[in-house]
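Novice: Mind docking chain B on chain A? Use the hints.
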Amino acid sequence: MIIKFTLNGRSRKVDVEPATPVTDLLRETLNLTGTHVGCDTSQCGACTVLFNGDAVKSCTLLAPSLDGAALTTIEGLSGSSGSNRLHPMQEAFHENHGLQCGFCTPGMVMTAVALVTRNPAPTEAEVRHGLEGNLCRCTGYQNIVASVMAGAVAMNEPAIGE
Amino acid sequence: MKSFAFHSPGTVPDAFALLNDVSESKLLAGGMTLLPTIKQRLAEPAALIDLAKIPQLSAITVDGDALVIGAMARHIDVVTSAIVRSKVPMLAHLAAGIGDPAVRNRGTIGGSVANNDPSADYPAAVLALDAIIVTDRREIPASAFFTGLFETSLEPNEIITSIRFPIPSTAGYAKFKSPASRYAVVGVCVAKAGGRVRVAVTGAGPCVFRVPEMETALEARFEPGAIASIKITAARLNSDIHADAEYRAHLVTVMAKKAVAAAIQGL
Chain A
0 MIIKFTLNGR SRKVDVEPAT PVTDLLRETL NLTGTHVGCD TSQCGACTVL FNGDAVKSCT
60 LLAPSLDGAA LTTIEGLSGS SGSNRLHPMQ EAFHENHGLQ CGFCTPGMVM TAVALVTRNP
120 APTEAEVRHG LEGNLCRCTG YQNIVASVMA GAVAMNEPAI GE
Chain B
0 MKSFAFHSPG TVPDAFALLN DVSESKLLAG GMTLLPTIKQ RLAEPAALID LAKIPQLSAI
60 TVDGDALVIG AMARHIDVVT SAIVRSKVPM LAHLAAGIGD PAVRNRGTIG GSVANNDPSA
120 DYPAAVLALD AIIVTDRREI PASAFFTGLF ETSLEPNEII TSIRFPIPST AGYAKFKSPA
180 SRYAVVGVCV AKAGGRVRVA VTGAGPCVFR VPEMETALEA RFEPGAIASI KITAARLNSD
240 IHADAEYRAH LVTVMAKKAV AAAIQGL
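Protein chains in written order, with numbering that gives the first Met the number 0: chain A, 0 to 161; chain B, 0 to 266.
Chain A extracted, bound-state conformation (with noise of 0.2 Å):
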């Protein structure tokens, strides 16, 4: 079947088996392996993408619901136009070493950068909250935790230049 949706800003227009995972979606036809798959059940959350806004589990969303939707992946959060500026979101996970193998970094992000555009100003306690349904594996949870509360505080400064 055919959809149609906005893919980090851009319209595009795929033919796919309706029994697709976005995360299949993503990564096999579409290149953008940005989105990793760790567990396939919905547990890990490494493969959480942004659909019409929200943060959702790109790999228990089929590839038909995206059919008129929004999705942002990892890859359409740094410079839109083609510079290589990451978001600061991202620039905060870099600066307090907010990964350890980076597995589940863009799922983290993504995460991340829902629940600050959701709630602008968490505390501590929201942002341990709000990553409930992210697994790090190396279990470096206390770095992550100090990017979000760092890149929250990005995301609220208007940006210099562009």
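Just so you know, these hints were derived from the structure itself, not from any lab. No experiment lies behind these values; they were computed from the predicted model shown.
Derived DSS-like pairs (lysine-lysine); straight-line CA-CA distance at most 30 Å:
{"#": "1", "chain 1": "B", "residue 1": "K25", "chain 2": "A", "residue 2": "K3"}
{"#": "2", "chain 1": "A", "residue 1": "K3", "chain 2": "B", "residue 2": "K1"}
{"#": "3", "chain 1": "A", "residue 1": "K12", "chain 2": "B", "residue 2": "K52"}
{"#": "4", "chain 1": "A", "residue 1": "K12", "chain 2": "B", "residue 2": "K1"}
{"#": "5", "chain 1": "B", "residue 1": "K176", "chain 2": "B", "residue 2": "K38"}
{"#": "6", "chain 1": "A", "residue 1": "K3", "chain 2": "B", "residue 2": "K38"}
{"#": "7", "chain 1": "B", "residue 1": "K38", "chain 2": "B", "residue 2": "K52"}
{"#": "8", "chain 1": "A", "residue 1": "K12", "chain 2": "B", "residue 2": "K38"}
{"#": "9", "chain 1": "B", "residue 1": "K1", "chain 2": "B", "residue 2": "K38"}
{"#": "10", "chain 1": "B", "residue 1": "K257", "chain 2": "B", "residue 2": "K176"}
{"#": "11", "chain 1": "A", "residue 1": "K12", "chain 2": "B", "residue 2": "K25"}
{"#": "12", "chain 1": "B", "residue 1": "K25", "chain 2": "B", "residue 2": "K1"}
{"#": "13", "chain 1": "B", "residue 1": "K52", "chain 2": "A", "residue 2": "K3"}
{"#": "14", "chain 1": "B", "residue 1": "K230", "chain 2": "B", "residue 2": "K176"}
Specialist: Relative to chain A, chain B alone:
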């Protein structure tokens, strides 16, 4: 995943027609249970009929003395609804504790109620508030809806359109959650409406159930102490590696007391 066809009807009658005409078809709401079930090959439907493109199924409204939540309202919609927060704040609190943010962004009240998972949160609220399950053809009282483990009185081609909750004078929900997945190991909802109290327990048994002894005690005296000495029997409760039946029986009293305290605080 084994291949299947995908349909997105725009109205409930169209969804019903597809459900009747396409063999081996299943309704898709948020997919938080159905999609993992299909991926594990525990279900192999030939077609999915998606309810996401029927906008009126997501409405949250007040109708007389009832709060009406559309079947496709997501958990996050219930958490953030000003109407829910002012009329039955317990439901917003309950929905905020389901799964994790990504699950709450997809999972729906209709899907949860139709699935009747023994550890789901919503069935406790539906039964304690004496809600009505409104379908495409009838209204089913909660007391006649939940019939057993993953079983309801829905007909195979019946579609839930909304849940109608009579607005209580107060209600509270408390659960002992699984630390990994946050489902209810034991969850208790207590609701007071007029002089009547209803206590509904999820997670503990194969299907949500009421505790009449606690209801009578709370009607006489609505405070946690009134039920502190009421113990339920472990005989027909669930036992698994997370909690055995004796422990679940104990938790019912503990969570019921917390639910009463929450109700008194207006949660």
